[in-house]
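Protein chains in written order, with my numbering: chain L, 1 to 638; chain G, 1 to 329; chain E, 1 to 306.
No lab work stands behind these hints, which were simulated from the structure alone.
All C-beta atoms, glycine included, are put in the ideal place defined by N, C-alpha and C.
Do not rely on the hints blindly, as some may be mistaken.
As the list claims (entries may be wrong) - Pairs of lysine to aspartate or glutamate residues, derived as EDC-like cross-links and limited to a Cα-Cα distance of at most 20 Å, are as follows:
# : chain 1 : residue 1 : chain 2 : residue 2
1 : G       : K162      : E       : D290
2 : G       : K328      : E       : D290
3 : G       : K307      : L       : D416
4 : E       : K246      : G       : E291
What the hints assert, rightly or not - Part of the chain G face toward chain L, derived, beta carbon under 10 Å:
# : residue
5 : I185
6 : K220
7 : D250
8 : T263
What follows is the residue order along each chain.
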Amino acid sequence: MIAREIYFNVPAWAIYLMYVLTAIATIIYARVAYQIISRWVKNKKDQISDKSQAVHKLVLYVIGQKSLFEDRRAGIMHMLILAGFTVLFIITLLVGLEADTPLHFLEGRFYTVFSLVADLFGVVLLAGLLLAFWRRMFDKPKYLSNNAMDLALLVILIGIIISGFLLEGLRIAYSGQWESWSPIGSAASLLFTRISVETLTSVHFGLWLGHLFLAFALILLVPFTKLSHILAAPFNIVTSDYPGKVKDLPVLSDIEQRNYLGTRNAGDLTGKDLVEVYSCTSCGRCEEICPAVLTGKQLSPKNAIQNIRNELNKHGALDASSIDFWNCTTCGYCTEKCPVSINHQNIIRSLRTYTTTSGHLPSTAATALENLEYTGDPWGITPKQRAENREKLSGKKGASAPASFVYWPGCSINNDLRLRDIASSFVQVLKKAGVDYDVIDSDIGCCGDPARRLGEEGLYQKIVNDNILHLEKYAGFTLVTHCPHCYHMLKNEYPKLGLEMEVRHHSEVISELLQQGRLEVPEHNKKKVVYHDPCYLGRYNNIYEPVRSVIKSFSGFDCVEAGRNRDNALCCGGGGGQMWLEAQTGERVNYFRLEEIQQLEPDMIITACPYCYTMLENAISFKGLNQLEIKDIIEVFA
Amino acid sequence: MSSEIWVVIEQLGDKIETVSLELLGEAVRLGKTLKATACAVALGPPGFLTPKIVQEFIKYGAQKIYIAEDDCLEHYHSEIFTEILTRAVTEKKPLAILIGATPNGNDFAPRVATRIKTGLVSNCTDIKTNREGRLEFIKQIFNGKAQAVCAAAGEVQITTVKPDIIGLEQAGSSQVNVEIESLDIELTPLCRQVETIEFTKGDPTTIDIAEADIIVAGGKGLGEKDNWGLVEDLAAAVGGSVAGSRMAMDLGYIERERLVGQTGKTVSPKLYIALGISGASQHVMGLKNVEKVIAVNKDKKAPVMQKADLGIVADVHEFVPLLIDKLKD
Amino acid sequence: MTKMLKIVVCVSSSFFSESPVSVKLTDGKIATGTKGPVIEAVNYSDRCALEEAQRFKQECGDVEVTVVMAGPPDYQWVLESCFCFEIDKAVYLQVSDWEPMDSYGCSLIISDFIREVGADLVLCGDVNTDFESGQVAPILAELLSIPYVSRAIGLSIIAGQSNMEVERKLTRGNRQRLRVTLPAVASVDIAANQPRYISVHSRIKENKGKPVIVTPIDRQELESKFKGPINLVNILNIGPVRLRPKKVAIPDSKMSAQDRLSFLMGGGNKKKSSNGDKEILEGKTETQVDKTLAFLKKSLPDLNKE
């Protein structure tokens with residue numbers, strides 16, 4: 001019966017050496033596992049993990065590698081590696097079982113199939129690794145960092161496979177028998193036909209030791225390099241929300257009882273954060289459309305995660321000085337694109353939370369926060385002034401719940417006259433369509449988004465709790481707002497603190513009214529228009545179509561798509577509190593985005609967010625492009 | 001107690017602070033009701049009281065001048081001023097002392113008040129007399145939300161009054177000379193504990209725009225970078241400081257320190273000249289308590305025209321050079 | 001060898017500029033009506049003083065910072081807000097019958113405390129924006145018989161030496177640099193620094209590390225020692241703002257005919273109204289320039305134009 005001699009030509013001491021190395025590896029792995037598990041338990045209340053649909057996520061994203069196939073070449077390359085590696089790993093485990101337990105199954109038919117599978121998947125793995133090598137050294141995608149360690153790991157892996165095949169060849173050459181169930185090994189054995197037995201055995205053993213060291217080098221490097229993703233990433237994917245969904249920071253509970261908020265030491269990172277940090281492969285997808293990276297700022301989501309990884313074992317305060325977290329616009333691109341579901345955004349923002357709540361934040365932002373606390377508006381607009389503005393928007397008396405809307409204008413309209421046109425246009429449209437509506441009264445100013453984005457968690461919770469109390473009188477109404485930041489807050493974050501109300505964005509409402517025929521499409525000249533997707537409507541809430549369908553209903557409009565659109569849209573640069581922060585280095589994000597849109601030579605840019613409107617309008621004004629119009633989707637109706 | 005109302009004059013070189021002259025007029029007014037004469041009290045280095053300055057005092061109503069002249073009064077010195085004034089007040093016992101609410105005025109006034117055991121109502125906007133011949137002081141509180149009428153205990157009354165509130169009023173006196181009396185100067189040990197090392201006069205071209213009295217600001221309407229010289233030339237002509245809007249900063253005409261607006265500086269000059277600035281709310285938010293705004297813009301409907309006391313619809317490139325020429329005459 | 005530098009910072013609270021909406025005097029007590037979110041906080045220039053004290057702590061090392069406030073009951077929260085600055089002690093001098101009170105009375109209470117604990121440097125904010133008196137610091141200096149510097153923007157103590165250099169901010173960008181012997185009192189101008197942000201969390205967290213020491217002050221005792229009320233200023237009445245019409249005179253006898261005419265037609269007096277008399281000039285550039293010159297002469301009578 002065909003069987004396989006385990007440890008052919010390997011003396012006992014070498015086997016003991018292998019066990020010693022295994023023990024060392026086990027201890028190291030156990031320590032890391034302990035670190036993660038203990039932290040998972042300790043900081044559980046601050047962590048967001050989502051075990052729902054675990055099997056679906058496992059099949060689709062871990063096994064199916066769905067996110068990686070967005071870049072076809074990468075997808076194929078990594079699938080080959082994943083498949084090859086997984087199978088060979090199982091093979092090795094089985095060999096281990098055979099060697100160290102009373103079980104015996106590597107014989108007969110089972111063994112031939114086993115051996116064939118091993119050989120074939122060895123080829124698969126090698127193919128994947130060679131593709132990876134080619135991609136890294138010759139194709140060189142822009143965002144892929146390439147340093148000595150990356151190359152070394154690849155070379156070690158290739159070395160393990162090739163040495164594995166050579167060892168097989170040497171063994172078969174020694175046995176003198178052709179093994180058709182080990183085709184590659186048999187082919188390799190042809191290299192060694194002329195060599196004497198003594199040379200064969202010594203070469204074999206030397207190569208075996210080499211193979212052993214390479215293998216253990218790899219095993220020992222896993223916890224300390226990007227290869228940790230092998231263990232961490234599948235776990236992370238299964239315990240995160242789906243890749244491609246941006247989730248906001250957790251609401252910190254019991255803040256009065258904490259000495260500080262946010263991430264100050266490595267010890268503040270939750271177990272989930274650690275898993276995320278270990279899952280990072282430095283693939284660089286997060287940087288591809290990151291506004292900070294594109295405009296030359298020091299911030300990079302990839303580097304941030306890698307820097308934190310380097311800090312993990314330090315006890316003192318986290319050295320966050322290399323992470324330029326004030327430049328994050330919270331556009332969510334990094335989180336959405338990450339194939340292993342890392343939430344870079346939240347890890348970076350927690351650093352902001354600590355800095356802000358301990359008092360050190362840029363002065364323009366501090367002024368905005370103080371205004372927000374004292375007047376309810378980051379621009380310092382008082383309740384009295386808000387009341388005056390809202391008078392002009394006042395709705396039909398007698399609007400009643402349910403099915404009626406209550407319009408939440410947000411804070412942006414109070415500051416800028418041009419933005420007020422958005423609000424008044426929306427109100428006019430509602431009137432034309434015969435929709436009952438009311439307007440939020442002046443007790444409520446801002447939704448709290450600036451506080452959240454700038455990291456002032458205490459102020460944020462205060463504002464939200466106050467607003468929820470004020471909103472009680474609108475129970476049963478549907479909130480509608482033109483600002484995606486307010487929309488995201490009201491729809492996704494306020495419910496965490498108790499709000500129970502329906503929330504819609506004005507573009508959804510308009511789109512529905514058009515479909516229902518309650519609105520007439522006004523005449524318009526022929527224009528080439530581009531729609532700029534707002535991050536908080538698009539990536540955060542997956543709303544891409546309503547504005548597009550409205551644009552398409554205008555016969556005169558020729559709607560073209562910006563090169564980076566929908567979930568790949570480039571941020572305007574206004575989010576994340578950037579409105580109140582002064583970018584000190586690099587280019588301005590809004591100018592960059594405008595240049596991109598300008599290349600299509602449109603007549604008009606359509607936005608659905610007051611921040612986008614302001615940022616792009618500033619850019620247009622700066623560049624002196626007087627012919628280029630910019631309008632909110634609702635103003636197109638006016 | 002003599003029936004004199006003293007006004008402590010603040011001057012630098014040959015320039016008398018406007019508020020001191022305003023208060024002389026006020027002393028004359030109060031003096032009519034309280035039957036008192038207005039007196040100017042001036043402290044300075046030897047020879048500072050020139051005939052020209054004496055004429056100014058007389059023009060605004062001073063009927064007597066008290067003077068203290070000494071090298072130690074070269075620069076403002078808190079303890080020396082306090083000591084001299086306290087001595088004089090204790091000896092002469094005027095009815096009231098009016099002081100301009102300037103950095104120096106608000107420095108020594110509380111100290112003198114404490115030494116003469118009188119309450120001080122500072123930063124007033126108006127003074128009234130009551131039936132008992134005592135003064136009542138009016139000041140704004142809570143950021144101008146309300147006005148408080150206050151009275152203070154103490155034999156000699158003392159107050160500091162905000163500049164540019166009362167206004168200048170000449171007394172119409174035909175007097176050519178008035179009595180000038182010297183005050184005693186005796187230094188105490190406390191005087192030697194403070195010493196002026198240096199005094200620097202602010203140069204409008206380099207000072208912080210938040211402190212400037214006159215600002216000339218430019219915006220996008222200037223056009224090319226070469227045209228920015230118009231802003232600088234006009235500023236030099238009126239003795240003002242250069243500032244700009246967000247556009248000017250983005251185009252590289254000014255540094256961040258000269259940016260006026262929401263993300264820049266808040267300014268409160270007496271005169272703000274806006275050249276080629278549209279007046280977007282982010283910019284206009286930086287103007288706080290500006291006395292007068294002049295705006296030059298091609299567009300009559302520009303938001304800045306709403307804010308300006310004098311709006312000029314013209315092309316800055318035509319208007320400004322002509323204005324500069326005429327100013328030079 | 002440097003001895004420990006003791007700094008005492010005097011703070012107060014003030015309303016945010018848009019609040020309160022109404023102010024009334026009832027039975028000698030000031031009642032404020034407010035609308036909207038919370039509006040009282042540590043007075044801004046006092047925060048600048050605290051930040052200066054912090055700067056000393058970081059630069060000079062062996063510094064002890066004590067924060068003190070005198071006030072009625074229920075205002076200890078002001079001192080609690082100061083804990084986000086690294087202060088060593090916080091003392092609240094509580095006077096149960098606080099009103100009527102003025103700067104003098106307040107300084108009297110605080111000076112007793114400072115005499116007791118001893119200080120090398122007393123820092124106060126320039127002026128409290130509610131009452132705009134700005135007198136606590138100079139009166140403290142008088143009561144303690146130590147030098148006083150106002151409008152300080154740059155303070156530096158040479159470690160070990162017993163004096164400091166201070167830069168004073170005057171109007172029009174003028175600056176005066178002084179050498180002052182310690183102990184001394186300095187009032188800090190808002191241009192001195194950017195005080196750190198006092199976050200909501202730092203105010204509401206339970207573990208602030210240090211307690212606020214509340215010392216009750218017996219007003220009756222003070223007044224019997226002082227032989228009279230400790231406040232020298234009394235508020236008689238509070239009402240809406242009514243500015244006296246401002247007089248405008250043209251000092252230059254070389255008035256042009258145009259100016260003289262408008263002066264006479266205007267009755268010689270011009271009301272200073274907040275709306276102002278706005279004017280928009282169109283037409284010939286020459287005329288515009290002439291009118292502008294006239295406007296400039298009227299607006300800036302003391303301007304010395306070349």
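Now for the hints, and whether the structure bears them out:
1. K162(G) / D290(E): Not satisfied, since the Cα-Cα distance of roughly 32 Å exceeds 20 Å.
2. K328(G) / D290(E): OK: K328(G) and D290(E) at ~13 Å, within 20 Å.
3. K307(G) / D416(L): holds, 16 Å
4. K246(E) / E291(G): holds, 13 Å
5. I185: violated, 45 Å
6. K220: holds, 8 Å
7. D250: Holds - the Cβ of D250(G) comes within 10 Å of chain L, reaching about 6 Å at its closest.
8. T263: holds, 5 Å
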